[in-house]
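Asks: For reference, the chains in residue letters:
There are 2 protein chains.
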Amino acid sequence: MAREMKAAGRPRDPKTAENIKSTTLRLMREQGYAAVSIASIISESGVAKQTIYNRWKTKADLVLDAIFEETERYASAPDHDFNKSCREQLYQFLIEVFEHLERDSRIICALIASAQEDKLFQKSFRERFVNPREKIVEDILRRAHSLGQISTERDIPTLVAFIHGAFWYPLLNGIQPDRKLAQNIVAEIFRH
Amino acid sequence: MAREMKAAGRPRDPKTAENIKSTTLRLMREQGYAAVSIASIISESGVAKQTIYNRWKTKADLVLDAIFEETERYASAPDHDFNKSCREQLYQFLIEVFEHLERDSRIICALIASAQEDKLFQKSFRERFVNPREKIVEDILRRAHSLGQISTERDIPTLVAFIHGAFWYPLLNGIQPDRKLAQNIVAEIFRH
Numbered sequence: 001m002a003r004e005m006k007a008a009g010r011p012r013d014p015k016t017a018e019n020i021k022s023t024t025l026r027l028m029r030e031q032g033y034a035a036v037s038i039a040s041i042i043s044e045s046g047v048a049k050q051t052i053y054n055r056w057k058t059k060a061d062l063v064l065d066a067i068f069e070e071t072e073r074y075a076s077a078p079d080h081d082f083n084k085s086c087r088e089q090l091y092q093f094l095i096e097v098f099e100h101l102e103r104d105s106r107i108i109c110a111l112i113a114s115a116q117e118d119k120l121f122q123k124s125f126r127e128r129f130v131n132p133r134e135k136i137v138e139d140i141l142r143r144a145h146s147l148g149q150i151s152t153e154r155d156i157p158t159l160v161a162f163i164h165g166a167f168w169y170p171l172l173n174g175i176q177p178d179r180k181l182a183q184n185i186v187a188e189i190f191r192h
Numbered sequence: 001m002a003r004e005m006k007a008a009g010r011p012r013d014p015k016t017a018e019n020i021k022s023t024t025l026r027l028m029r030e031q032g033y034a035a036v037s038i039a040s041i042i043s044e045s046g047v048a049k050q051t052i053y054n055r056w057k058t059k060a061d062l063v064l065d066a067i068f069e070e071t072e073r074y075a076s077a078p079d080h081d082f083n084k085s086c087r088e089q090l091y092q093f094l095i096e097v098f099e100h101l102e103r104d105s106r107i108i109c110a111l112i113a114s115a116q117e118d119k120l121f122q123k124s125f126r127e128r129f130v131n132p133r134e135k136i137v138e139d140i141l142r143r144a145h146s147l148g149q150i151s152t153e154r155d156i157p158t159l160v161a162f163i164h165g166a167f168w169y170p171l172l173n174g175i176q177p178d179r180k181l182a183q184n185i186v187a188e189i190f191r192h
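As they're listed, the protein sequences go chains A and B. Per the UniProt record's numbering, residue 1 is the first one in the first sequence, and the count goes up by one each step. Per the UniProt record's numbering, residue 1 is the first one in the second sequence, and the count goes up by one each step.
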């Protein structure tokens, strides 16, 4: 019964959400996170204020959603191409993350900043953005463990923190991670 | 002549600055970074608004100055006790940093967040806070290199990014770095 009533309600238009998200991403890229307000997103996308607040609690939530699909495009789980060594897979993953950061580092740094001021947002940022990328690296390293490509004595959670930390740290200090950093990370992780 | 004129001006009272900084630190610890305004610091410390703005451009600059001395107390360069191995020195340094973070992580995360929104502040945060601590770790690792405690093939800047990143990363995701993390970091850096 409850389900029927829900089904009878006005359906959410997925195109509207796509429009809002792409407008948000465009404005953020043009003007930066701080300069863009919900009001300017409303005015640019031509939707009603309530349409936005029905879906997203805060600007940070909306931006997270908008950036999320981009992140998936750049830094999704690698194909399990077993011809590729784990070292190559990790390198490929890092290069894709860094390409994404080259385009959207200002937005991502602003989201990390928002997460410091809002614990609820920190939780959703961690669950939707951080943890899935942590898992990708962890899976590559576990496979490397099982294939003997890294020593079983190595502690995987520490290596995962090294790998992500090694680009979060320069990024948040205003330094863009580059190809050389990706090479140095994999060399250090996979050295014998 | 210019110097004489300057010397004749009203001297800055160092006690006033100490009072403002300790009030700032106390308010930040009690209420958190976002909740404390320059107005509340003025009201609590009983100084004139202009006294504060003569010294500090923004709240972030004042907080950086206030936290700076604390940081020096916890995480300064290690004594060059040559009886201590580099591994022990690094462990000791990390434990002190983590103790400081246990007390002031909210303030430090808020400063890192401010650095994302204000490039000038990011520069001074990096110069005063980040770089000196990077240098401490770098010096320990260079000594380890020269003493053969780590292989000369290892790339020191990458290891420095691993070490700092390994606690920035959990910290900014709401996870307090602990003793176990310090042990895992040194074990990984100094493994043969």
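In short, the hints are calculated from the structure, not lab data. None of these values were measured; they are calculated from a predicted model. Any given hint could be a false lead.
Straight-line Cα separation of at most 16 Å, EDC-like style, residue types lysine to aspartate or glutamate; simulated pairs [what the hints assert, rightly or not]:
1. A/180 / B/155
2. A/180 / A/102
3. A/59 / A/117
4. B/57 / B/118
5. B/180 / A/155
6. A/135 / A/72
Asks: Each hint should be assessed against the structure and marked as holding or not.
Replies: Okay, the hints, checked on the actual structure:
| no. | hint | verdict |
| --- | --- | --- |
| 1 | A/180 / B/155 | holds, 12 Å |
| 2 | A/180 / A/102 | holds, 14 Å |
| 3 | A/59 / A/117 | holds, 13 Å |
| 4 | B/57 / B/118 | holds, 12 Å |
| 5 | B/180 / A/155 | holds, 12 Å |
| 6 | A/135 / A/72 | holds, 13 Å |
When the structure is compared with the earlier hints, no violation turns up for any of them.
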